[in-house]
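Participant: Turn these sequences into a full structure, and let the hints steer you where they fit.
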Amino acid sequence: MPELLLSLPKLRSRKIDWVEIASSLTVRFFTLVPLLVLLAILGKVFIEGSGRMSWSFLTEAPAEGMTQGGIFPCIFGTAAVTVLMIIMALPLGVGAAIYLVEYGSSSLLVRMIRAAVNNLAGVPSIVFGLFGVGFFILFVGRNIDRALQTGLLFGQPCMLWAAATLSVLTLPVIIVSTEEALNAVPQSHRAASLALGATKWQTIRDVVLPQARGGILTGAILAISRGAGETAPILFTGCAYFLPRLPVVEFLGIPMINPLDQFMELSYHIFIMTTQSINAQATRPIQYATTLVLIVLTFLLNLSAVLLRFYFRKRLGRISL
Amino acid sequence: MPIFQDADSPKEDQNAPREVLLPLGESSLDFQRFITSKKFHFSEWLMEKLLLIAGVSSVLIILLIFIFLFKEAVFFFQTGRLLDLIGKWVYDPWDEKTSFKMMWQAVSEIPKYSLIPLLCGSFLVAIPATIISTILGIGSAVYLSEIASAKTREILKPTLELLAGIPTVVIGFFMLAVAASFLQEIFHTQFRLNAFAGSLGVAITTLPIIVTLSEDALRAVPQELRNASLALGASKWQTIWGTALPAAVSGISASVILGFGRALGETMIVVMATGNAALVTGNIFSSVRTMTANIAAELGSVDRGSEHYYALFVVGAVLFTLTFFLNLSSEIVLNKMRRRLRM
Amino acid sequence: MNRWMKNLAAGAAIFSLTAQPGVFAARNITVKGSDTMIVLGQRWAEEYMKRNPEVTLQVTGGGSGTGLAALVNGTTDIANASRPIKEKEIEKARQAGYYPEEFKVAMDSLAVVVHKNNAVEVLSLKQIMGIYTGKINNWQEVGGKNSPILRYCRESNSGTYVFFKEQVLKNFDYAPDCQTMPGTSAVANAVSKDPAGIGYGGAAYFLTQPSLRILSIQKKDGGEAVNPAQAAGKLDYEAAWTGRYPIARYLYMYTGFKPKGKIKNYLDWIRGPEGQKIVEEAGYVPLKS
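Chains as they are written, first to last, in this note's numbering: chain D, 274 to 594; chain F, 104 to 446; chain U, -15 to 273.
Hints are computed from structural coordinates only; laboratory data are not their basis.
Heads up, the beta-carbon is just placed ideally off N, CA and C, and yes, glycines get one too.
Treat each hint with caution, since some may be false.
Within a straight-line C-alpha distance of at most 25 Å, the following computed DSS-like cross-link-like pairs (lysine-lysine) qualify [claimed, not checked]:
no.	chain 1	residue 1	chain 2	residue 2
1	F	215	F	174
2	F	191	U	154
3	U	154	U	119
4	U	110	U	100
5	U	272	U	242
6	U	110	U	154
7	U	272	U	261
8	U	272	U	248
9	U	177	D	317
10	F	200	U	110
11	U	246	U	261
12	F	215	U	72
13	F	191	U	119
14	U	119	F	215
15	U	248	U	88
16	U	154	F	200
17	U	119	F	200
18	U	76	U	88
19	F	260	D	587
20	F	204	U	110
21	F	260	D	317
22	F	215	U	154
23	U	34	U	88
24	U	177	U	100
25	U	242	U	70
26	F	215	U	70
27	D	473	F	152
28	F	204	U	154
29	D	587	F	254
30	F	204	U	119
Across the chosen pairs, the derived CB separations fall in these ranges [what the hints assert, rightly or not]:
no.	chain 1	residue 1	chain 2	residue 2	range
31	U	101	D	583	53 to 63 Å
32	D	385	F	262	30 to 40 Å
33	D	306	F	442	32 to 42 Å
34	D	576	F	328	30 to 40 Å
Facilitator: Next comes the structure, spelled out in structure tokens:
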């Protein structure tokens, strides 16, 4: 970091080359801009948000028409929907990555899958929202209702479909990082396992996957952080403005997440608090504090992903030596 | 490192072909028979097929998105005409004359579903955003790959990833609550919420993409090329300008295309920061309505099966098609680069 | 990976138990519909549950049409609507075996607001129509300073948008340069920062904002100018009840059948003195008693 500011091009050479200095300064400045923006956003949110922050803000439900109280249902909803999301996305994503890396023999198919994954990563999030409404709710949900004779239970926005929509959105994140992790496992380990008579699947399960665990975990965390921050895909697939109780159902005496209920969510809460609540100006502190919670959440997730990757890369490096 | 350590469930052992592990003392001939036995092949085959299904799922999802967007969009043409998506001849009882209007006005006596203002809005946000993030992004990429030490890079790159990790709704909130008034004071614009405010916000989200991919492209340029240039007496910056950047140009342009696609698809920031007036305009300081914001704002409680509902899917289909081709072309450019560099 | 998942689920469960009890109670009465009424519906629910802890109310938005459709589908007990039910919707309900019952629960005065530094204090309905349809484009034309008018309005999916279009714009289209905001709050916020702006929405959203001015409205040019609010940031109920203030509307609740038991108690409570007091507190106009 200090190097960014201090180590200007060394001026001891023959002539002072102004182009050289100007270019060098320019790229340094350009690198500084995003950092400053990051700092500005974080600083503003932290300064404005920390005043409202307290334990009760995190553990209480909104009150007095959302002008008082806390954001616990939003935190709960965010956690619940991302857990559901990762349960759906992880097996699919890891499976796809294993196929691509270990079984991908037919090159046309692999190329097609790669192209699809890359394209999926670039689909606008609001299009996922449309897809969630058109496919999950109206097609899958309504057909389940028809088949099970459940009236209108599945065919409406709920946490299940929001999680499904988010899992489609985060699938590429998981696939790409799992692929990376699998590729990092030395080929010699596979060869050794196969030579000992293990089958291909045994090799994958017992040799490759244990070593790739770190990378897969990193991918899962990145996917959770991405999913927790998205708003557009869940606008129409399950978010609620306000719910007086948590989306929880008692099952065999144990309170469980109810995937067929609507839910409150942090990023959606920020959106409606700034644009639709009764007095957006007066509830600014709540908005900032909610934003702070969301940012801290995603940053912690991202940070742990970065650290995990760092740690596992180091360990892998040692192993392959 | 225990190679055959089975960390997870004992449950798996029951159906997995555990017993096929080479038993000690068996002859290699038996082993040969073992691995060609039918049962053995079945579980392996099943696993491979399951993984294949997982692998194909992303192709399937893309197809499903395509089908379900276009399926609903096609219904629009039951009642609407293709020309309606450009404009409509409307009689204005106030001015008492008929004129061709390019407007998006879904709730009206005569609903108007022109895509022109929405396209205007989307591009008026996405193009400036891409320009800003390209200039900054390539600068940072050059710094990171050509100048910065490994240590600096190791700190800066994750920091940029953190920037990419900021939820877009937070950026939208920041633009709306803080930056919009600030910008209006600087530029004295008529609209406080305008395309420019939106594009600045969107640039924050596209910047990390462009930096990361451009840096990758620059680092993929073989060191020999730089060495050759330096050996010929070129200065460091002459090498960067004359050798490294031209060699990486396809990778960089792929990143710019990708960033542009992302900018077109950004939703929450533009909903909050651009004012959402569906104007046909080229003024960057005017309030605009993008395709994404239009869907986000109107899909909420539109009647399923109405013309308006289908029209929103038309917008979604157009948006999807645009980004699809942008992604595809960036992919093609990247593949070309990879092939060339391998040679 | 499995173990990790279990830990996470257990963690979530434990975390959820640290919240106050009572949140786990079963769903009892569901209310769905108008986004305009969600703030009010939520206040009612909150207060009612405080007084009757055995009842749980779930309030969600989605729009008046969504609520009424849910009523017909049988997925909600009560539908909130900021407009009366349409013939077509009644017919649909009959076909599904429902007989919608209508309850007026409150009134909502729509206010037209400008920035407090704007010289304009009174507008006629015709002038407002001119402004929002794009025929009047400068504040000078309606007695203000020489500056262009910036129009803020609601999204087209809101009941407010439709009501304003029917009652004030006489069904003419909004000018295309209207900046549509995702919520009335956003309108209030935008106009409070824009000296040349004009906006509209439920008066409740504007009452407490010091940087806004709620305009008085003349039914006819040069007629009596009536303000929806009294001086002390309170609404003028008489004006809304008698119709002297021209842009006020009823807010409705619909049930699928003649209400009984818990639902009847709730509706009675809402329409009774306690419920109407909350209407006042929330910034709406209570029913004439």
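Participant: Hints numbered earlier in the text: which of these fail when held up against the supplied structure?
Facilitator: No numbers; nothing is violated.
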